[in-house]
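Novice: Sequence:
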Amino acid sequence: MLDIKLIRENPEVVRAACHAKHTDDAVDQLLELDRARRAIIQNVESLKSKRNTVTEEIAKLKRAKENADRQIADMKAVSDEIASLDDHLREKELALELLMLSIPNVTHASVPHGADATGNVEVKRWSPNGEATAFEKREGLDHLALAEKYQLFDFKRGAKIAAAGFPVYMGRGAQLERAFINFMLDLHTRSHGYTEVLPPFFVNAQSLRGTGQFPKFADQVYHMPADELYAIPTAEVPVTNLYAEEVLPVDKLPLMHTAFSACFRREAGSYGKDTRGFLRVHEFNKVELVKFTMPEYSYDEHEKLTSDAERVLELLGIPYRRLLLCDGDTGFSSAKTYDLEVWAPVEGKWLEASSCSNFEDFQGRRANIRFRRDPKAKPEFVHTLNGSGLATSRLMVAFLETFQQPDGTVRIPEVLHPYLPFTHIA
RNA sequence: GGAGAGGUGGCAGAGUGGUCGAAUGCGGCGGUCUCGAAAACCGUUAUACCUUCGGGUAUCGAGAGUUCGAAUCUCUCCCUCUCCGCCA
Numbered sequence: 001m002l003d004i005k006l007i008r009e010n011p012e013v014v015r016a017a018c019h020a021k022h023t024d025d026a027v028d029q030l031l032e033l034d035r036a037r038r039a040i041i042q043n044v045e046s047l048k049s050k051r052n053t054v055t056e057e058i059a060k061l062k063r064a065k066e067n068a069d070r071q072i073a074d075m076k077a078v079s080d081e082i083a084s085l086d087d088h089l090r091e092k093e094l095a096l097e098l099l100m101l102s103i104p105n106v107t108h109a110s111v112p113h114g115a116d117a118t119g120n121v122e123v124k125r126w127s128p129n130g131e132a133t134a135f136e137k138r139e140g141l142d143h144l145a146l147a148e149k150y151q152l153f154d155f156k157r158g159a160k161i162a163a164a165g166f167p168v169y170m171g172r173g174a175q176l177e178r179a180f181i182n183f184m185l186d187l188h189t190r191s192h193g194y195t196e197v198l199p200p201f202f203v204n205a206q207s208l209r210g211t212g213q214f215p216k217f218a219d220q221v222y223h224m225p226a227d228e229l230y231a232i233p234t235a236e237v238p239v240t241n242l243y244a245e246e247v248l249p250v251d252k253l254p255l256m257h258t259a260f261s262a263c264f265r266r267e268a269g270s271y272g273k274d275t276r277g278f279l280r281v282h283e284f285n286k287v288e289l290v291k292f293t294m295p296e297y298s299y300d301e302h303e304k305l306t307s308d309a310e311r312v313l314e315l316l317g318i319p320y321r322r323l324l325l326c327d328g329d330t331g332f333s334s335a336k337t338y339d340l341e342v343w344a345p346v347e348g349k350w351l352e353a354s355s356c357s358n359f360e361d362f363q364g365r366r367a368n369i370r371f372r373r374d375p376k377a378k379p380e381f382v383h384t385l386n387g388s389g390l391a392t393s394r395l396m397v398a399f400l401e402t403f404q405q406p407d408g409t410v411r412i413p414e415v416l417h418p419y420l421p422f423t424h425i426a
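The first sequence maps to residues 1 to 426 in my numbering.
Think of the hints as simulated: they come from the structure by calculation, not from any bench. Just so you know, these numbers come straight off a predicted model, no measurement behind them. There may be inaccurate statements among the hints.
To be verified - The calculated lysine-lysine pairs, modelled on DSS-like cross-linking and capped at a C-alpha distance of 27 Å, are:
{"hint": "1", "residue 1": "LYS21", "residue 2": "LYS378"}
{"hint": "2", "residue 1": "LYS5", "residue 2": "LYS376"}
{"hint": "3", "residue 1": "LYS62", "residue 2": "LYS48"}
{"hint": "4", "residue 1": "LYS48", "residue 2": "LYS60"}
{"hint": "5", "residue 1": "LYS252", "residue 2": "LYS378"}
{"hint": "6", "residue 1": "LYS216", "residue 2": "LYS5"}
{"hint": "7", "residue 1": "LYS156", "residue 2": "LYS349"}
{"hint": "8", "residue 1": "LYS60", "residue 2": "LYS76"}
{"hint": "9", "residue 1": "LYS149", "residue 2": "LYS349"}
{"hint": "10", "residue 1": "LYS378", "residue 2": "LYS5"}
{"hint": "11", "residue 1": "LYS50", "residue 2": "LYS65"}
{"hint": "12", "residue 1": "LYS349", "residue 2": "LYS137"}
{"hint": "13", "residue 1": "LYS304", "residue 2": "LYS21"}
{"hint": "14", "residue 1": "LYS92", "residue 2": "LYS21"}
{"hint": "15", "residue 1": "LYS60", "residue 2": "LYS50"}
{"hint": "16", "residue 1": "LYS92", "residue 2": "LYS216"}
{"hint": "17", "residue 1": "LYS160", "residue 2": "LYS149"}
{"hint": "18", "residue 1": "LYS5", "residue 2": "LYS48"}
{"hint": "19", "residue 1": "LYS48", "residue 2": "LYS76"}
{"hint": "20", "residue 1": "LYS5", "residue 2": "LYS92"}
{"hint": "21", "residue 1": "LYS62", "residue 2": "LYS76"}
{"hint": "22", "residue 1": "LYS50", "residue 2": "LYS92"}
{"hint": "23", "residue 1": "LYS216", "residue 2": "LYS21"}
{"hint": "24", "residue 1": "LYS21", "residue 2": "LYS124"}
{"hint": "25", "residue 1": "LYS5", "residue 2": "LYS21"}
{"hint": "26", "residue 1": "LYS252", "residue 2": "LYS304"}
Full structure from sequences and hints, please.
Specialist: This is the structure:
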């Protein structure tokens with residue numbers, strides 16, 4: 001959510017953001033509602049002020065055992081008017097809030113303009129030896145063929161027991177998945193200073209509103225109506241909302257959490273696109289990085305967070321590139337996003353394995369997460385950031401394809417040896 | 001799932017329907033005193049919204065109701081605790 005003051009004072013900035021992110025431009029409607037709302041507030045609050053004054057008079061008269069019938073009758077009329085104005089006000093405020101929640105975040109000045117993913121800018125490319133050959137297409141078995149050969153995953157049985165898009169990890173596939181997760185959590189907690197959180201995988205609607213999934217993307221989230229709970233699409237939701245409605249102590253900032261969770265996404269409307277194997281699934285595993293910072297440090301922390309995610313790929317030895325997303329491809333809640341894409345050599349394409357965003361105060365305002373600079377200062381909204389560090393499903397694809405040997409076996413890189421009872425899949 | 005108790009300011013804890021945004025204590029902040037500190041004493045100490053910047057309005061778990069007026073009465077919901085049942 002943006003500051004209503006920003007919209008009042010710089011409506012052009014907000015309009016531009018709506019257009020850039022392909023969102024309905026509701027700015028005029030919003031400003032009109034804001035005006036109407038304030039007019040009603042001034043009216044109803046002056047009536048309430050009057051009622052408070054006269055109510056006191058009534059109390060005095062009653063104590064003095066004098067008659068107050070006239071004042072009581074007057075105030076009955078005033079109270080009726082207040083009730084009716086309050087109803088009007090509630091309507092306006094509900095409509096205003098819904099619009100406010102539907103306005104996307106404004107992107108940072110360093111974000112390039114562009115209509116869609118073709119406008120994204122590659123800002124970095126990494127391979128173990130820095131050689132360009134690492135990014136060439138190679139012959140070999142793709143991840144599905146390798147999975148079948150070594151019985152690592154079972155998509156068919158996953159579809160049988162749940163639905164298409166719910167993979168089952170089997171044998172060494174399951175062990176490898178678990179190794180990824182443990183390796184990443186250990187790296188971020190031991191080397192990068194994050195505190196581990198293992199959150200609930202279900203949350204309420206308010207949490208999804210706090211991070212920006214609701215109301216706009218409600219159709220992408222699994223819903224359990226019997227208990228009014230929702231399956232998390234990312235650990236960002238429970239972890240960011242941990243501190244909703246709280247004022248954080250300034251000496252705790254930046255507050256850094258890493259969290260493993262399963263992630264559930266309906267992917268409504270994207271059937272048939274990249275659906276093979278792990279490329280697009282309804283349930284996958286992810287280790288998330290989340291930070292809460294003071295506004296003036298959030299962009300430095302964004303760079304660090306992205307590097308922390310990259311470190312996973314560098315230690316594993318998987319070639320990747322970093323993209324700076326253009327405004328047209330930047331998510332609804334984000335002010336600036338880097339994507340990390342891993343190179344899947346057999347598939348011959350880049351796969352998004354991480355997305356690292358600075359939300360500035362957009363989520364802080366929605367979820368009401370604040371901090372106080374010093375004991376006497378007014379609370380301010382924190383900046384929130386998060387990034388995948390990393391999602392295992394796309395990583396798995398690139399991993400299997402990258403480390404398969406000419407003889408068809410898959411070599412396990414040394415950093416994972418402490419986590420696995422085998423050094424090759426053969 | 002059954003029975004009971006309870007939710008008030010950063011914390012603890014009062015509060016006969018009528019100056020209650022709320023006593024008191026602790027904590028925090030500022031000051032006096034001190035070489036310094038402790039103690040003592042004095043003062044101060046919520047948030048949001050509206051504003052013609054004088055001020056005004058709202059908030060005692062949430063919502064609805066009764067009333068001229070609700071922290072206080074009624075209803076619904078949420079949460080916490082205790083006991084019983086079930087259970088990894």
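Novice: Hints first: check each against the structure and report whether it holds.
Specialist: These are the hints, each one checked on the structure:
1. LYS21 - LYS378: 33 Å, violated
2. LYS5 - LYS376: 24 Å, holds
3. LYS62 - LYS48: OK: LYS62 and LYS48 at ~21 Å, within 27 Å.
4. LYS48 - LYS60: 18 Å, holds
5. LYS252 - LYS378: Holds: LYS252 and LYS378 sit about 17 Å apart, inside 27 Å.
6. LYS216 - LYS5: 22 Å, holds
7. LYS156 - LYS349: 25 Å, holds
8. LYS60 - LYS76: 18 Å, holds
9. LYS149 - LYS349: 22 Å, holds
10. LYS378 - LYS5: The hint holds at about 17 Å.
11. LYS50 - LYS65: 22 Å, holds
12. LYS349 - LYS137: 8 Å, holds
13. LYS304 - LYS21: 26 Å, holds
14. LYS92 - LYS21: Distance ~26 Å between LYS92 and LYS21 Cα, so the pair holds.
15. LYS60 - LYS50: Given pair LYS60, LYS50 holds - Cα atoms ~16 Å apart, limit 27 Å.
16. LYS92 - LYS216: Measuring from Cα to Cα gives roughly 19 Å; hence the hint holds.
17. LYS160 - LYS149: 21 Å, holds
18. LYS5 - LYS48: Given pair LYS5, LYS48 holds - Cα atoms ~26 Å apart, limit 27 Å.
19. LYS48 - LYS76: Holds, because 12 Å separates the two Cα atoms, which is no more than 27 Å.
20. LYS5 - LYS92: 17 Å, holds
21. LYS62 - LYS76: 17 Å, holds
22. LYS50 - LYS92: 23 Å, holds
23. LYS216 - LYS21: 13 Å, holds
24. LYS21 - LYS124: Holds. LYS21 to LYS124 sits at ~24 Å (cutoff 27 Å).
25. LYS5 - LYS21: Holds: LYS5 and LYS21 sit about 21 Å apart, inside 27 Å.
26. LYS252 - LYS304: 18 Å, holds
Comparing the model with each earlier hint shows a violation of hint 1 alone; every other hint is respected.
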